[in-house]
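Colleague: Now for the letters of each chain:
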Amino acid sequence: MNAAVLPFLLPLFTGTLTLFLGKPGTARRAFLVASALVQLGVAAWLIAENLAGRPHVLLAGGWASAVGITLVADLLAAIMVALSSLTALAAVLFTCFESRPRLEHPLRLPLVQFMVAGINLAFLTGDLFNLFVAFEIMLIASYALLTLEADDWDIKQAYPYLAINLVGSTLFICAAGLAYGLFGTLNFAGIITRAADMSGDPRILVLALLLLVVFGTKAGLFPLYYWLPNSYPILPAALAGLYSGMLTKVGVYVLLRMFATVLPHDLSGVHQLIAWLAGLTMVLAVMGALSRNFIRGILSFHILSQIGFMALAIGLFTPLSIAACIFYVIHHIIVKASLFLVGGVATVLNRTDDLDRMGHLWRGTPWVGIVFLCQGLSLAGIPPLSGFWGKYLIIVEGLRAGEYILIGASLVASLLTLLSMLKIWLAAFWSEPEGVAVRVDDWRWRPLLGVVGGLTVLSLGIGFGAEAVMQVALRAAQAALDQPGYVELVLGAGGKGGG
Amino acid sequence: MQIETALLIGALFACATWLILQRSFVRILFGFILLSNAANLLVLSMSGRPEGRGAPVVGETEMPLVDPLPQALILTAIVIGFGVTAYLVVLLYRLFLDQNTTSVSEMYREEEGE
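Chains G and U, in that order, are what the protein sequence lines are.
Read in order, the letters of the first sequence correspond to residues 1 to 499 in the numbering used here.
Read in order, the letters of the second sequence correspond to residues 500 to 613 in the numbering used here.
Source of the hints: derived by calculation from the structure; they are not laboratory data.
On a predicted model such as this, the values are computed, not experimentally measured, just so you know.
It cannot be assumed that every hint is accurate.
[What the hints assert, rightly or not] Residues from chain G that face chain U, not an exhaustive set, calculated with beta carbons under 7 Å:
{"no.": "1", "residue": "Phe-129"}
{"no.": "2", "residue": "Glu-136"}
{"no.": "3", "residue": "Tyr-143"}
{"no.": "4", "residue": "Leu-148"}
{"no.": "5", "residue": "Asp-152"}
{"no.": "6", "residue": "Thr-170"}
{"no.": "7", "residue": "Ile-173"}
{"no.": "8", "residue": "Gly-177"}
{"no.": "9", "residue": "Tyr-180"}
{"no.": "10", "residue": "Gly-181"}
{"no.": "11", "residue": "Tyr-392"}
[As the list claims (entries may be wrong)] Covered stretches of chain U, going by a simulated chain G footprint (3 or more residues, C-beta under 8 Å):
{"no.": "12", "stretch": "530-540"}
{"no.": "13", "stretch": "552-563"}
{"no.": "14", "stretch": "592-605"}
[As the list claims (entries may be wrong)] In silico negatives: residues of chain U with every beta carbon more than 10 Å from chain G:
{"no.": "15", "residue": "Leu-506"}
{"no.": "16", "residue": "Cys-514"}
{"no.": "17", "residue": "Trp-517"}
{"no.": "18", "residue": "Gln-521"}
{"no.": "19", "residue": "Arg-548"}
{"no.": "20", "residue": "Pro-567"}
{"no.": "21", "residue": "Pro-569"}
Ideal Cβ placement from N, Cα and C applies to all residues, glycine included.
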């Protein structure tokens with residue numbers, strides 16, 4: 001049994017088995033939590049294997065990589081798998097504590113498992129068409145989850161999400177087809193080898209731009225982000241945490257993988273374009289966040305603004321900035337998911353997340369406030385919280401590259417992030433309007449806060465142990481940028497039919 | 500053949516874009532179906548020129564074979580496209596039931612009035 005396939009198979013089997021287990025109940029929930037813990041364990045083991053210098057490669061059916069499908073669990077992929085398993089665990093636990101089994105939608109948790117299977121396959125795959133399949137598994141599950149519990153007002157917001165992703169998927173097939181026409185292979189290692197002989201070919205540039213449009217749409221880069229801030233707020237908090245943590249980050253990961261590992265490194269024009277789009281995304285999205293007046297709406301716009309930071313790091317394209325991007329992704333997934341979940345806790349306590357009708361939370365439940373403050377300030381980038389170190393490195397690299405305007409934009413975006421976090425803080429936690437009650441008697445908020453607290457402790461750990469996390473991110477960036485090493489790893493695995 | 504295929508793909512993409520930008524649900528649905536077909540045709544054309552090549556079945560013909568991989572890719576893409584189209588049909592039907600309209604502009608105008 002090759003371990004590289006486990007992060008895909010485990011959630012797939014779990015999801016299918018759960019469907020057969022019948023109605024939601026305590027036993028079913030225990031099974032799902034156990035499975036999520038095992039998945040997290042496998043991901044941690046894959047990271048440990050990579051740190052010990054043993055990346056796992058699976059050649060499907062034993063065929064050599066140019067002939068068959070390849071799964072590559074290198075350090076970057078293993079880190080991403082660990083993050084998706086962690087977020088999925090948080091979503092499962094949050095769902096379990098949020099409602100009694102009787103009230104849980106029977107399809108919610110199985111669909112979460114299918115979505116995680118698609119996400120993990122997207123991280124592990126070493127083949128462009130298989131990546132398309134992984135995206136579709138993930139997207140179809142996400143369409144279903146988005147509309148599963150939507151009421152008739154919410155469901156209108158699902159249509160733009162579906163439409164933009166359908167167009168994105170179609171462009172993705174076109175890009176895969178054109179890549180096959182251009183390189184004669186869809187395998188990442190094969191593409192690296194062929195592209196090395198075609199240096200300066202304008203068709204590679206066109207393909208890179210097409211891929212940028214496809215994955216820029218998934219990641220939510222300006223001007224392709226309109227679908228996100230209206231569709232995410234219709235999700236229940238547990239799922240919004242998972243979506244906001246993982247789905248757009250799959251887009252960021254694939255951009256990173258494409259430009260760092262697969263495509264030639266001399267596309268400096270495209271890198272410059274990514275950096276400028278990132279700068280625009282940061283500033284425009286954070287302004288959108290300031291314009292919203294409910295917690296989930298504000299946080300949804302912040303996802304986009306933070307995507308800007310990660311894309312800026314990819315656009316700067318130095319080994320250190322790629323490492324900073326990986327660090328930022330690690331920090332962001334945990335912080336963002338926990339902010340959505342703490343928003344969910346606040347909604348349980350105030351019975352709404354409309355800022356005009358919230359209040360008293362600091363007096364009623366100070367721990368919710370402390371958790372929110374830690375994660376909100378971390379998102380804005382206050383030292384020594386985890387968000388600061390990623391931003392610091394990106395800014396240092398940006399100044400070294402002389403991109404003063406973009407760095408200025410990122411600082412403005414950080415300041416406005418802080419402002420909109422304060423907006424939530426003042427309205428929900430600090431203000432004491434009349435006629436607003438804090439439902440402390442609701443038993444649910446304590447275990448829910450426990451889930452978010454766990455994520456917060458982890459996030460604080462990243463902030464205070466930034467040196468160790470950064471070393472791992474640096475190694476992941478080195479491995480991702482090392483094109484000959486990647487080819488050696490995949491083609492060296494040796495299978496049937498290899499030439 | 501290559502030029503004709505390219506023109507056909509372009510025409511299909513143009514029609515699909517036009518249909519998707521319409522207001523009626525049914526036209527939008529047809530637009531998405533057309534869009535996925537245009538993409539499939541693009542992938543198919545990556546097999547190269549079919550003249551003078553046999554079907555990709557080993558032992559049937561002495562001629563050089565057509566590259567079969569794009570056909571395998573399309574097969575996958577068709578299946579996925581079919582599933583997503585089915586989902587889109589159901590979503591549009593539910594929107595019709597909830598909103599009592601089949602026009603996108605009417606559906607979102609109500610929302611602004613709220």
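Colleague: It remains to establish, for every hint, whether it holds in the given structure.
Modeller: Comparing the hints with the structure gives:
1. Phe-129: holds (6 Å)
2. Glu-136: This hint holds: G:Glu-136 lies near chain U, its Cβ roughly 5 Å from the closest one there, short of 7 Å.
3. Tyr-143: Hint holds; G:Tyr-143 Cβ to chain U Cβ min 6 Å, cut 7 Å.
4. Leu-148: At 12 Å from the nearest chain U Cβ, G:Leu-148 fails the 7 Å test, so the hint is violated.
5. Asp-152: holds (4 Å)
6. Thr-170: Result: holds, 5 Å to nearest chain U Cβ.
7. Ile-173: For G:Ile-173, the interface hint holds, since the closest Cβ of chain U sits about 4 Å away, which is under 7 Å.
8. Gly-177: holds (4 Å)
9. Tyr-180: Holds. Min distance 5 Å.
10. Gly-181: Interface hint status for G:Gly-181: holds (4 Å vs cutoff 7 Å).
11. Tyr-392: violated (42 Å)
12. 530-540: Result for this restraint: holds, n = 6.
13. 552-563: violated (count 0)
14. 592-605: Contact hint for the stretch 592-605 of chain U vs chain G: holds, 5 residues under 8 Å.
15. Leu-506: holds (16 Å)
16. Cys-514: The claim holds: U:Cys-514 sits with its nearest Cβ about 14 Å from chain G, beyond 10 Å.
17. Trp-517: With a cut-off of 10 Å, U:Trp-517 remains clear of chain G, as the shortest Cβ separation is near 14 Å.
18. Gln-521: Holds, because the least Cβ-Cβ distance between U:Gln-521 and chain G comes to about 12 Å, which exceeds 10 Å.
19. Arg-548: Its Cβ never comes within 10 Å of chain G, the nearest being 12 Å, so this holds.
20. Pro-567: holds (12 Å)
21. Pro-569: violated (7 Å)
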